[in-house]
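Residue numbers (this note's numbering), protein chains in the order written: chain U, 1 to 128; chain W, 1 to 431.
Hints are all accurate, no fakes.
Simulated restraints, written as ranges between beta carbons of each label pair:
hint: 1; chain 1: W; residue 1: A32; chain 2: U; residue 2: D39; range: 18 to 26 Å
hint: 2; chain 1: W; residue 1: R267; chain 2: U; residue 2: T110; range: 52 to 60 Å
hint: 3; chain 1: W; residue 1: E15; chain 2: U; residue 2: P59; range: 50 to 58 Å
Stretch by stretch, here's where chain U covers chain W in the computed footprint (C-beta under 8 Å, at least three residues):
hint: 4; stretch: 112-126
hint: 5; stretch: 369-381
Hints in this document: simulated from the structure, not taken from any laboratory.
Heads up, the beta-carbon is just placed ideally off N, CA and C, and yes, glycines get one too.
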Amino acid sequence: MKYLVLIYSNPTTWAHPSFLHHEGSTEDERKAMLAQFEDLMGEIAESGELVDGQPLAAPALAKTIRARAAGLETVDGPFAESKEQLAGFFVIDCETPERAAEIAGRLPDTRFGAVEVRPIMSGSGMEM
Amino acid sequence: MAVGGAHDFTALLRELTPQVLGVLVQRHGDFASSEDAVQEALLAASVQWPSEGVPSNPRGWLVTVASRRLMDHWRRESTRRKYETTLATLTPADEHVQSEPDTGGAQGDDTLKLLFLCCHPALSPASQVALTLRAIGGLSTAEIARAFMVPEATMTRRISRAKQRIESTAVPFGLPAPSEWDTRLDAVLRVLYLIFNEGYTASHGAELQRRDLATEAIRLTTELHRLLPEDGEVTGLLALVLLVDARHPARTGADGMLVPLADQDRRQWKQESIRDGIALITHALSTAVVGPYQLQAAIAAVHDEATRAEDTDWAQIVALYELLQRIEPGPVVSLNHAIAVAMATGPRAGLALLSELDEDEQGTGYRITAARAHLLELDGALDAAREAYETAAARTTSIPENRYLEMRARRIDSTSSAHPHDKVTPAPPCP
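Next comes chain W alone, as it looks inside the complex:
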């Protein structure tokens, strides 16, 4: 196998991680120890392969090494009886793996089972994310810790706690029963979307490593889509992350300032991602039962299809948000719906809808205030707009959002006092 560099090794190892782990868990049933063993095998590979070359059957190599590590572990930790049983079952199974082709249904099934295991509702969201990145993404604990900006010891604890919990609550390694399928798959999709957002919303400086999380989420969602091609929501999530990620190159300016959708240089958008995303969502909407990820992807597609911000089909976006409000209501959906209504029919209609929402809500309330500021500015109520921008700026816990909202407040000051007639067209706020 021709391998060009460190990057190819990493990609290959990450791709093989769930397959190797799947084989071990299937065979030994001990998820926690198998997962440790696979991490050790990945480390061994990343040291040996660059100098000695990639083995002809890299997956078989990893399974063998991981199995040996697992045996070492058991030899140290466990009873002699357990060790001997393992020894008896290991050898023939390894030979079997060596001769297995590199693609096939069983491995895909294993990846799917691992996803359901790592995203089990018994685990906290932070644990689901960490475990998914390690056990399926093949990231090391150090890499995950860096991405979430916590010490490695903290991330180690999160991961080991998650594994203990899997053990103590006896979370099964298998596909969920049909009656549980939808809720369990929903948990998987939520974890993948969470990972994507962690990476996508990262903006500058030390945050750059977090970008990898978006790439990783897209890779894992692509894999999930390959395993469940007929599921409309899986397709919807893949379309959504592609359509949103397509705008990433344009979302921050050279100075790290957030650029609202309306002001982005759309020539920087990744056309290939947009094409892929639109193809996926078009197919899903015409074949599957509609769901929230598909609707969000459809909204993202309408934005991405507009060559200029003023060409955006806001009426269609309003209709899509109304559908979304019906199947998955929530404060953020109501907020985005109000903004879309404002853009379709005028700021006052949007302001009327916003007035029904709770700006004091601790989590996302300031985003309602920020949207109100934009709409007041559009409506020419500059003093009130500036005040709302400042209120929102003081309430966000995000540095880039704070800088952006402060900038908008200052811009009103400079346009209304220094150049009263040189009116800047305010950018419409966007989801």
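Same shape as in the complex, but just chain U:
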């Protein structure tokens, strides 16, 4: 089953990986987080669980578009008005939902913002 892993973050400056750009982390902590992140990426790339992953540009570069009676309405900025913004995503392909949650839990971003894991719907199905 494939899962979308969404990373929500509120870094001091918009740069990637965003977990390195938070106040209050010591240099040692940053090093440890980077090592943890690289370990995880190496592991899921090698196991064939990593399908895709991309960092996103700053929310200021987003445009939010709505079709309304007056026509298309385009507003600069992200859809959600929260402090934490979508910073990047991974697509992973895992055996179990527990494994997907485990991978997400090992992302250093969990310490600052939040990481959301969602199953991606499949085109396969059983007749019931």
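Following the hints, position chain W against chain U.
Chain W only, in chain U's frame:
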């Protein structure tokens, strides 16, 4: 040899893949490099044979080309000493292969050993599947990646990781010891069934390529059955995949909507597969120790034998599920048993059994909810049924299942409000 087209080449190459790989592994003992070499030889054949014709001994040709590729690989990668040893052993062995007849026990044994190797419990299920399709099925990494809808790089990694693991844990190339035979064969059967299901449950659009997986699983299971004709569970699995696949043409409507077993146009079922499946399972049940695949095949046979859904012998299906619960209990078996009881004796009996199952279970819990919806609808509790359909629809991760369950919920709305007296007969849910 007369060969008609690209399709025949593909079929021939896929059939020869495990035989050629078997020869190489047997001779050089290096599974990972041999497997790469065979893939390269298959590629060379698919380029050369269509224009130059199929060689008189296609297997010998492939063995020779693959062996050369393996030597090239070693020449690049390995020490001079290893290369020279190889060179010394290669030439006479090739001549031997050239003169070998195209059928025989040794090749079958090799295929079997390869199956046990690729489905070794040290590998993850995803790796077992990928490696089996490549090393035994002769599919390219690109084809497997397309079928599983992942980038080719991801599939390449899965395959190379599996091969590394075989190397690092020193998984032997050989038949398992008698004490391990049953569990190891069980792993092989599970992988074949997994491949079949991946293909069978694919429904529409981009998923169509996945159909090949069902065909491939049937081909590999047929081959395994040819090698182990007396094994009841191998026969059971072959019967099961044939009996289930027989219904494939009727399982989706023109709009891609899933059609439940009860509503399928049974004239579209593949009669030849049904006949073959029934013959196989009848033979297995009368000669072998009963096992879960045989019981599932027997259940599929009872469904397939009914010309109309209402002719289904539900009492027999209940009895078979009770046997299955005894030898291999699990939530899905309990669910299907409850449905069969409902169909045999009435929806309330089924609902009572369903109430003992855990609908919140993350994997298959929503299927219990979906079954409860069907049974509530059968029992006339329309509001509760609609609510259960909607709950189940929101909990499945399958697009076709979601569409189907939403449709059932809407159908209750339209029958209970717009046409309160025009009662639609609900289709019984089926495994």
